[in-house]
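With chain A fixed as given, assemble chain B onto it according to the hints.
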Amino acid sequence: SQQGEEDPQALSIQEGENATMNCSYKTSINNLQWYRQNSGRGLVHLILIRSNEREKHSGRLRVTLDTSKKSSSLLITASRAADTASYFCATYHGGSQGNLIFGKGTKLSVKP
Amino acid sequence: SQTIHQWPATLVQPVGSPLSLECTVEGTSNPNLYWYRQAAGRGLQLLFYSVGIGQISSEVPQNLSASRPQDRQFILSSKKLLLSDSGFYLCAWSSGMNTEAFFGQGTRLTVV
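Residue numbers (my numbering), protein chains in the order written: chain A, 1 to 112; chain B, 1001 to 1112.
Treat each hint with caution, since some may be false.
Claimed, not checked - The calculated DMTMM-like cross-link candidates involving lysine to aspartate or glutamate, where the alpha carbons are at most 20 Å apart (straight line), are:
| id | chain 1 | residue 1 | chain 2 | residue 2 |
| --- | --- | --- | --- | --- |
| 1 | A | K26 | B | E1059 |
| 2 | A | K56 | B | E1100 |
| 3 | A | K111 | A | E5 |
Because the hints were derived from the structure by calculation, they are not lab data. Source: prediction; values computed, not measured.
Chain A with its partners taken away, still in its complex shape:
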């Protein structure tokens, strides 16, 4: 089952521009996480935002969470070519012990 759904599916921008990706989920959550995946590699954890937080920053990353709308956004500011990757949101399925479910991802391409 898919818990998170990202949009857009693909995003192409120029270096220096900001990139915004959105994630919607279906059930109640304790936290929401964002991950990055370079082509053909494993995923790397970027940031975790708890359900009682509305915004969180980490370097050039800004994550927001709106639990009333069951949605989150990831903003990458001043993007670089090295930010080219797929980005996924993930949540633990409500009520389960360890069921970590990922969305389908947004493929970001940053052109130099």
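Okay, now just chain B, sitting in the frame of chain A:
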């Protein structure tokens, strides 16, 4: 520090042959362990997760199985591979529900 090892990196197997992918974690105890599959250009599909030795939860009925013979070892197996089993298999661990997950580098399986 904790590390996760997943091997092999690539594998080409004929239809009907068996499969065994191994994942081990170092530097932590009693981790939650996960197996995901990712089709080309797609999101992650959770196959199995385990919260302890001998405790395996299956998310998707299929001809794959998983085992956890030791605390930090997670094995994905099949008795007879199908063409549809081709994909990118990822192992991951977390220290518990609502924490970040750490991924191996993945195994690219091609069934021919």
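Here is what the structure says about each hint:
no., hint, verdict
1, A/K26 - B/E1059, "holds (18 Å)"
2, A/K56 - B/E1100, "holds (15 Å)"
3, A/K111 - A/E5, "violated (25 Å)"
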